[in-house]
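Undergrad: All chains should be built: construct the whole structure from the sequences, respecting the hints.
Protein chains: 2
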Amino acid sequence: MLEQFERPSFSTKFPLDDLAWRFKALADPARLKILLYLANYDAGQCCPTGEGICACDFESVTGLSQPTVSHHMKCLISAHLVMGEKQGKWMYYRLDPEGFASIREALVSLGQ
Amino acid sequence: MLEQFERPSFSTKFPLDDLAWRFKALADPARLKILLYLANYDAGQCCPTGEGICACDFESVTGLSQPTVSHHMKCLISAHLVMGEKQGKWMYYRLDPEGFASIREALVSLGQ
DNA sequence: AGAACATATTGACATTTATCAATATGTTCT
DNA sequence: AGAACATATTGATAAATGTCAATATGTTCT
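The listed protein sequences correspond, in order, to chains W and G. Read left to right, the first sequence gives residues 1 to 112 (the working numbering). Read left to right, the second sequence gives residues 1001 to 1112 (the working numbering).
Quick caveat, the hints were computed from the structure, so don't treat them as lab data. Treat the hints with caution; some may be incorrect.
Distance condition first, Cα-Cα at most 25 Å in a straight line; then the derived PhoX-like pairs of lysine-lysine [said to hold, decoys possible]:
1. G:Lys1024 x W:Lys24
2. G:Lys1024 x G:Lys1013
3. G:Lys1013 x W:Lys24
4. W:Lys24 x G:Lys1074
5. G:Lys1024 x W:Lys74
6. G:Lys1024 x W:Lys13
TA: Here it is, written out as structure tokens:
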């Protein structure tokens, strides 16, 4: 239906439901705080220094409970904005550069 | 609270609630269809050619009712993704380049 | 094995959101 | 003025979302 109107490549490369889901992951102040923290810091406050920031740090960053933080991290991972890796009993998170590159590319195509 | 963790400029330049609101405007498949259409077409199907695309075109593009389309356009305008101009009895819409530039800049800062 | 700890999942609840039908507003004709 | 049309607003409803308390899972100690 829409295919007749658009550049043939866009919605093939960026299925709209999927893209909407990824923007939704960005559409929450708590998740933005988490991303902003990840963008600015390599080491956190609460856990031994590792590859990224560990989950418990985001409780103080956001002011939210542990289960809620866990829910937000799952959301960010499913949107490919963040990567998580378990190290011992901690989960360490860092930004997913490829996911960001992809959504940036989509935004550039959309906006012009 | 968060200021101690971030680049001083980011949340000043991009208040997080405001930024979340703008991403939320992007986080809906119907609104993405509308933006995609605006990005690809200078003239619509239903109204005399003018500066942009008129509202009624988006009903067929999205498959949604007229009030729902109107609601989505209001959302896109409040997020500074789209500009609207009334011409006679029609509303003509086009992308807002500055709004897109701003959100693109925020995304770049966030993702690295 | 058992204690202690970090994270994930489940369940419940309040809020927000997308949607449409009905109605209102505003514009351009005759 | 009144008819016809395009868009906006209101009100109602179903679905999705953010949040926390309680509980489960998984890991590392002793």
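Undergrad: Decide if the proposed pair is consistent with the structure: G:Lys1024 and W:Lys24, CA atoms, cutoff 25 Å inclusive.
TA: Status holds; Cα separation ~6 Å.
Undergrad: Measure nothing beyond the straight line between the CA atoms of G:Lys1024 and G:Lys1013; if it is 25 Å or shorter, mark the hint as holding.
TA: 18 Å, holds
Undergrad: Hinted pair, alpha-carbon criterion (25 Å max): G:Lys1024, W:Lys74. Please report holds or violated.
TA: Roughly 18 Å between the alpha carbons, so the hint for G:Lys1024 and W:Lys74 holds.
Undergrad: Given the hint that W:Lys24 pairs with G:Lys1074, test it: the Cα-Cα distance must not exceed 25 Å.
TA: Answer holds: W:Lys24 to G:Lys1074 is near 18 Å, not above 25 Å.
Undergrad: When you check the alpha-carbon spacing of G:Lys1013 and W:Lys24, does it fall within 25 Å?
TA: At roughly 21 Å apart (the allowed maximum being 25 Å), W:Lys24 and G:Lys1013 satisfy the hint.
Undergrad: Against the 25 Å threshold, does the CA-CA distance of G:Lys1024 and W:Lys13 hold or violate the hint?
TA: 21 Å, holds
Against the hints set out earlier in the document, no violation occurs for any number.
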